[in-house]
Amino acid sequence: MTVGIVVFPGSNCDRDVKWALKDCLGIPADFLWHESRDLTKFDAIVLPGGFSYGDYLRCGAIARFAPVLDSLIDFVKNGGKVLGICNGFQVLTELGLLPGALTRNKDLHFICNTVDLSISSYRTDWFANYQFGENIKLPIAHGEGRYQCNSDTLKQLEDEDSIAIRYMNNPNGSMGDIAGITNKNGNVLGMMPHPERATDSLFGQIDGAKILKSLLSN
Amino acid sequence: MPNFHAKVFVSLRPSVLDPAGEAAKSAALRLGINGINKLRIGKSIELDITASSEEEAKNSVEVLSDRLLANPVIENWTFELHQSDLDSDI
Numbered sequence: 001m002t003v004g005i006v007v008f009p010g011s012n013c014d015r016d017v018k019w020a021l022k023d024c025l026g027i028p029a030d031f032l033w034h035e036s037r038d039l040t041k042f043d044a045i046v047l048p049g050g051f052s053y054g055d056y057l058r059c060g061a062i063a064r065f066a067p068v069l070d071s072l073i074d075f076v077k078n079g080g081k082v083l084g085i086c087n088g089f090q091v092l093t094e095l096g097l098l099p100g101a102l103t104r105n106k107d108l109h110f111i112c113n114t115v116d117l118s119i120s121s122y123r124t125d126w127f128a129n130y131q132f133g134e135n136i137k138l139p140i141a142h143g144e145g146r147y148q149c150n151s152d153t154l155k156q157l158e159d160e161d162s163i164a165i166r167y168m169n170n171p172n173g174s175m176g177d178i179a180g181i182t183n184k185n186g187n188v189l190g191m192m193p194h195p196e197r198a199t200d201s202l203f204g205q206i207d208g209a210k211i212l213k214s215l216l217s218n
Numbered sequence: 219m220p221n222f223h224a225k226v227f228v229s230l231r232p233s234v235l236d237p238a239g240e241a242a243k244s245a246a247l248r249l250g251i252n253g254i255n256k257l258r259i260g261k262s263i264e265l266d267i268t269a270s271s272e273e274e275a276k277n278s279v280e281v282l283s284d285r286l287l288a289n290p291v292i293e294n295w296t297f298e299l300h301q302s303d304l305d306s307d308i
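Same order as they appear, the protein sequences are chains P and B. When you line the first sequence up against the working numbering, it's residues 1 to 218, in that order. When you line the second sequence up against the working numbering, it's residues 219 to 308, in that order.
Warning: the hint list may mix true and false statements.
Under the rule of at most 20 Å between Cα atoms (straight-line distance), these lysine to aspartate or glutamate pairs were calculated in the EDC-like manner [as the list claims (entries may be wrong)]:
#  : chain 1 : residue 1 : chain 2 : residue 2
1  : P       : 106       : B       : 264
2  : B       : 243       : P       : 55
3  : P       : 77        : P       : 43
4  : B       : 261       : P       : 144
5  : P       : 41        : P       : 74
6  : P       : 213       : P       : 35
7  : B       : 225       : B       : 264
8  : B       : 276       : B       : 298
9  : B       : 225       : B       : 274
10 : P       : 106       : B       : 293
11 : B       : 256       : P       : 134
12 : P       : 77        : P       : 125
13 : B       : 261       : P       : 55
14 : P       : 22        : P       : 207
15 : P       : 18        : P       : 43
16 : P       : 210       : P       : 23
17 : P       : 184       : P       : 207
18 : P       : 137       : P       : 16
19 : P       : 106       : B       : 240
20 : B       : 256       : B       : 298
21 : P       : 184       : P       : 16
Calculated directly from the structure, the hints in this document are not laboratory data.
One chain only, chain P, in its complex shape (with noise of 0.2 Å):
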């Protein structure tokens, strides 16, 4: 069982996710080229933050086309677990394997910080392992994590019990105080919080171990 962790030219919490998957939690991850289309031998994807492309255009908009995403439309299909990490969540949505977009934070800052979270939805396996109830700190660290969609599709979010996490104190104006949402089917989740940063007690927080140990859990 591997995890394969996508690197596009400009992602940056590539190595940080590897170093969280093998050093820390012992779960076998390797990297996957972004020209790649080969994805047979990974059992997950991670989409990493950073700025794929430079983040040119839109977060997100170049990295759709690489060839590796066209692999991973099959791959979700099938049942593969895919987690789309900040610019990796913007990817996500781009592609359309998440509905909505993720626009520039409110009041234009880049927020670079720990926030506390409400798990909404313990529907899916990503957060089957938390406590009913429980709320979590994660760091969050960008300039284009506002969430946006219409109201249809918010509904939508809401009547299928899709949106995973919400921000406890709103940060940069998400709908919804929308942090993270999974796709119907449950198998994807994108979020703005980064779990790699949270997965050693050095760093004051463990919150996000268990979102990246339910990548190989079924």
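Guided by the hints, dock chain B onto chain P, whose structure is given.
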């Protein structure tokens, strides 16, 4: 084949907050320009394209605008297109 020149304009949908536009609006006040009621920032993209007809060029620019240059979830787009071979100043 004829050449065409297109200018694509991308703007945030009216329902989407434009914090950069709001910031520019407040800077306009500091510049001493009063009376600006609304200021929204978009993108302008210019491109040259060779196509067999104006219709084909139009179709290509439509796909390009809808699938790459703009994200229709949050943005609207329009474009102008004209045959550049006919420009007298080129």
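Structure-based check of all given hints:
| no. | hint | result |
| --- | --- | --- |
| 1 | P:106 x B:264 | violated (29 Å) |
| 2 | B:243 x P:55 | violated (25 Å) |
| 3 | P:77 x P:43 | holds (13 Å) |
| 4 | B:261 x P:144 | holds (17 Å) |
| 5 | P:41 x P:74 | holds (14 Å) |
| 6 | P:213 x P:35 | violated (27 Å) |
| 7 | B:225 x B:264 | holds (4 Å) |
| 8 | B:276 x B:298 | holds (9 Å) |
| 9 | B:225 x B:274 | holds (16 Å) |
| 10 | P:106 x B:293 | holds (17 Å) |
| 11 | B:256 x P:134 | violated (43 Å) |
| 12 | P:77 x P:125 | holds (17 Å) |
| 13 | B:261 x P:55 | holds (15 Å) |
| 14 | P:22 x P:207 | holds (17 Å) |
| 15 | P:18 x P:43 | holds (15 Å) |
| 16 | P:210 x P:23 | holds (15 Å) |
| 17 | P:184 x P:207 | violated (24 Å) |
| 18 | P:137 x P:16 | holds (18 Å) |
| 19 | P:106 x B:240 | holds (10 Å) |
| 20 | B:256 x B:298 | violated (24 Å) |
| 21 | P:184 x P:16 | violated (28 Å) |
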